[in-house]
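The whole structure should be built from the sequences, with the hints applied where relevant.
Yeah, the sequence shown ends on 533 if you go by the working numbering, and it's all consecutive.
These aren't lab readings, by the way, just hints derived from the structure by calculation. Take the hints with a grain of salt, since some may be wrong.
[Stated by the list, open to error] No farther apart than 25 Å at their CA atoms in a straight line, the calculated lysine to any residue pairs in the SDA-like style are these:
| id | residue 1 | residue 2 |
| --- | --- | --- |
| 1 | Lys114 | Phe99 |
| 2 | Lys410 | Lys462 |
| 3 | Lys410 | Tyr391 |
| 4 | Lys500 | Leu307 |
| 5 | Lys500 | Thr191 |
| 6 | Lys500 | Thr336 |
| 7 | Lys500 | Phe299 |
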Amino acid sequence: MPDASPAPLLRLDGLSVAFDGVTAVDRLSLTIRRGETLALVGESGSGKSVSALGAMGLLPPNAQIEGGRFLGDTDLARLRPRDWQGLRGGRVGFVFQEPMTSLNPLHTVAKQIGETLRLHQGLSGRVARERSRELLAQVQLPRPGELLDAWPHQLSGGQRQRVMIAMAIANDPQLLIADEPTTALDVTVQQEILALLAELRDRHGMGMLFITHDLNLVRRHADRVCVLYNGREQETGRVADVFGQPQSAYTRTLLEAEPRGRPAPVPAAAPLLQARRLAVSYARPRRLFAKPRPAFEALRPLDLAVAPGETLGIVGESGSGKTTLAFALLRLTESRGEIDFAGERLDRLSGTALRRRRQRFQVVFQDPYGSLSPRLPVAEIVSEGLRYHAPALDEAEVQHRVANTLKEVGLPADCAARYPHEFSGGQRQRIAVARAIILEPELLVLDEPTSALDRTVQKQLVELLRELQRRRGISYLFISHDLAVVRAMAHRVMVLKDGEVVEQGDCLAVLEAPRTDYTRRLVDAAGLRL
Numbered sequence: 004m005p006d007a008s009p010a011p012l013l014r015l016d017g018l019s020v021a022f023d024g025v026t027a028v029d030r031l032s033l034t035i036r037r038g039e040t041l042a043l044v045g046e047s048g049s050g051k052s053v054s055a056l057g058a059m060g061l062l063p064p065n066a067q068i069e070g071g072r073f074l075g076d077t078d079l080a081r082l083r084p085r086d087w088q089g090l091r092g093g094r095v096g097f098v099f100q101e102p103m104t105s106l107n108p109l110h111t112v113a114k115q116i117g118e119t120l121r122l123h124q125g126l127s128g129r130v131a132r133e134r135s136r137e138l139l140a141q142v143q144l145p146r147p148g149e150l151l152d153a154w155p156h157q158l159s160g161g162q163r164q165r166v167m168i169a170m171a172i173a174n175d176p177q178l179l180i181a182d183e184p185t186t187a188l189d190v191t192v193q194q195e196i197l198a199l200l201a202e203l204r205d206r207h208g209m210g211m212l213f214i215t216h217d218l219n220l221v222r223r224h225a226d227r228v229c230v231l232y233n234g235r236e237q238e239t240g241r242v243a244d245v246f247g248q249p250q251s252a253y254t255r256t257l258l259e260a261e262p263r264g265r266p267a268p269v270p271a272a273a274p275l276l277q278a279r280r281l282a283v284s285y286a287r288p289r290r291l292f293a294k295p296r297p298a299f300e301a302l303r304p305l306d307l308a309v310a311p312g313e314t315l316g317i318v319g320e321s322g323s324g325k326t327t328l329a330f331a332l333l334r335l336t337e338s339r340g341e342i343d344f345a346g347e348r349l350d351r352l353s354g355t356a357l358r359r360r361r362q363r364f365q366v367v368f369q370d371p372y373g374s375l376s377p378r379l380p381v382a383e384i385v386s387e388g389l390r391y392h393a394p395a396l397d398e399a400e401v402q403h404r405v406a407n408t409l410k411e412v413g414l415p416a417d418c419a420a421r422y423p424h425e426f427s428g429g430q431r432q433r434i435a436v437a438r439a440i441i442l443e444p445e446l447l448v449l450d451e452p453t454s455a456l457d458r459t460v461q462k463q464l465v466e467l468l469r470e471l472q473r474r475r476g477i478s479y480l481f482i483s484h485d486l487a488v489v490r491a492m493a494h495r496v497m498v499l500k501d502g503e504v505v506e507q508g509d510c511l512a513v514l515e516a517p518r519t520d521y522t523r524r525l526v527d528a529a530g531l532r533l
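Now the structure itself:
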């Protein structure tokens with residue numbers, strides 16, 4: 004519970020931030036007390052991260068910062084550069100959104116934790132290593148002594164985030180700033196990370212600023228919430244009050260943005276896609292003079308079928324085999340078993356014959372910025388596959404098809420000449436969808452297409468995909484760890500764990516009454532309001 008003391012730990016009085024005259028945060032006022040978690044919520048671009056970075060002096064030189072900002076009795080606006088070095092990482096700890104980019108890939112875990120201990124406490128050598136081991140144990144990492152010598156790429160997303168938390172609490176901070184700390188993590192790992200942060204907050208008496216766009220997490224893990232829109236505070240209060248009786252129209256929009264409803268039923272028909280005894284395994288590297296080790300079974304033999312116009316949801320934690328399954332069905336990885344698409348055995352095709360068939364099944368990846376070439380304008384990105392699969396089309400027809408497809412996915416015609424970096428995450432995902440559907444595929448594989456998007460943008464993309472399915476009769480293989488989106492999209496669902504099917508059936512029936520403990524744990528962690 005938050006400290007009853009009236010003195011706030013962090014106080015912002017009319018904080019404003021502008022970049023070259025353009026306002027990003029407009030007169031934000033808030034307080035955080037010891038033992039309290041305040042959630043800062045809003046869509047991308049609302050000013051959440053800029054507010055925290057501005058308060059802590061972490062913005063670039065072209066930022067103009069005004070208003071009062073205090074940490075206890077310390078006036079942050081008056082600090083000199085060397086004072087900031089002692090405060091950041093000392094009195095204030097940070098946990099950022101993507102630990103893989105926040106951690107140095109060239110240094111071991113021990114070296115990275117040891118660096119903050121050396122800078123703020125003067126610890127080194129065996130003392131620093133032992134303290135680092137204690138911190139890894141404190142954030143509930145198994146075998147902390149072994150992980151000290153691990154490199155970031157050898158850790159899972161959840162493990163990397165725990166290392167970041169260990170670094171953040173290494174110097175017993177008074178305030179912890181957690182900026183989207185669970186965005187790319189599975190729902191079960193999200194709950195573990197946030198429960199850990201709450202435990203550490205209570206144990207150390209910290210205050211916590213929790214920046215997120217996920218309102219379900221706010222409901223379960225925050226004491227108070229501040230809603231931002233276009234850099235302006237919309238309302239602030241206890242979570243139950245703000246979410247129960249929102250005063251702002253924007254807050255109501257956020258609360259109503261969770262994808263709801265069910266897809267329209269599809270008539271019974273012969274499967275468009277069918278797999279039988281599909282399996283994927285990888286040979287393990289052989290050590291010198293050691294006996295060969297058995298292959299790693301990434302996907303154990305399974306059967307599946309997708310009917311025309313149907314959506315099959317694939318859910319499970321990281322490492323469960325979701326993307327491996329998709330890549331096997333698309334023939335992008337070696338597999339065993341049979342794959343039948345529209346009566347033709349895909350597993351028997353190769354080379355040019357297989358490439359030509361790929362017009363009929365396309366894929367949309369999780370990260371649209373990473374999957375779209377930054378060097379090509381939108382028109383070339385969308386038309387690239389069309390030029391390969393329909394070489395007889397003249398340039399006028401290609402441009403006509405591009406314009407119609409961009410319009411169909413809700414993008415303006417003038418976007419064709421622009422580049423991916425000029426668009427928001429939701430717009431880039433629409434470009435990725437346009438690139439896929441311009442070929443008029445019968446099946447679309449959607450691999451975590453909404454995981455990095457705000458709730459309002461997620462809802463818009465779900466509505467777009469539903470409309471495309473209704474209009475075109477496309478089948479979807481929808482891979483996600485977000486069960487709220489799966490519920491809104493999928494007719495049936497398949498649950499994977501460690502490369503094996505643990506449960507499958509009608510989507511709503513499985514989510515409302517899961518038969519296995521594993522599925523029940525996924526549903527509970529997602530906090531679905533069924």
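>> Check whether the Cα positions of Lys500 and Phe299 lie no farther apart than 25 Å.
In response: 14 Å, holds
> Going straight from one Cα to the other, do Lys500 and Thr191 come out at no more than 25 Å?
Replying inline: Holds - the C-alpha atoms of Thr191 and Lys500 are around 13 Å apart, at most 25 Å.
> Between Lys500 and Thr336, is the straight-line Cα distance small enough, at 25 Å or below?
Replying inline: Holds - the C-alpha atoms of Thr336 and Lys500 are around 19 Å apart, at most 25 Å.
>> Check whether the Cα positions of Lys114 and Phe99 lie no farther apart than 25 Å.
In response: 19 Å, holds
> Within 25 Å, alpha carbon to alpha carbon, are Lys410 and Lys462?
Replying inline: Distance ~18 Å between Lys410 and Lys462 Cα, so the pair holds.
> For the pair supplied as a hint, Lys500 and Leu307, is the alpha-carbon distance within the 25 Å limit?
Replying inline: Holds, because 16 Å separates the two Cα atoms, which is no more than 25 Å.
>> Between the alpha carbons of Lys410 and Tyr391, is the straight-line distance 25 Å or under?
In response: 22 Å, holds
Hint compliance for this structure: no hint is broken.
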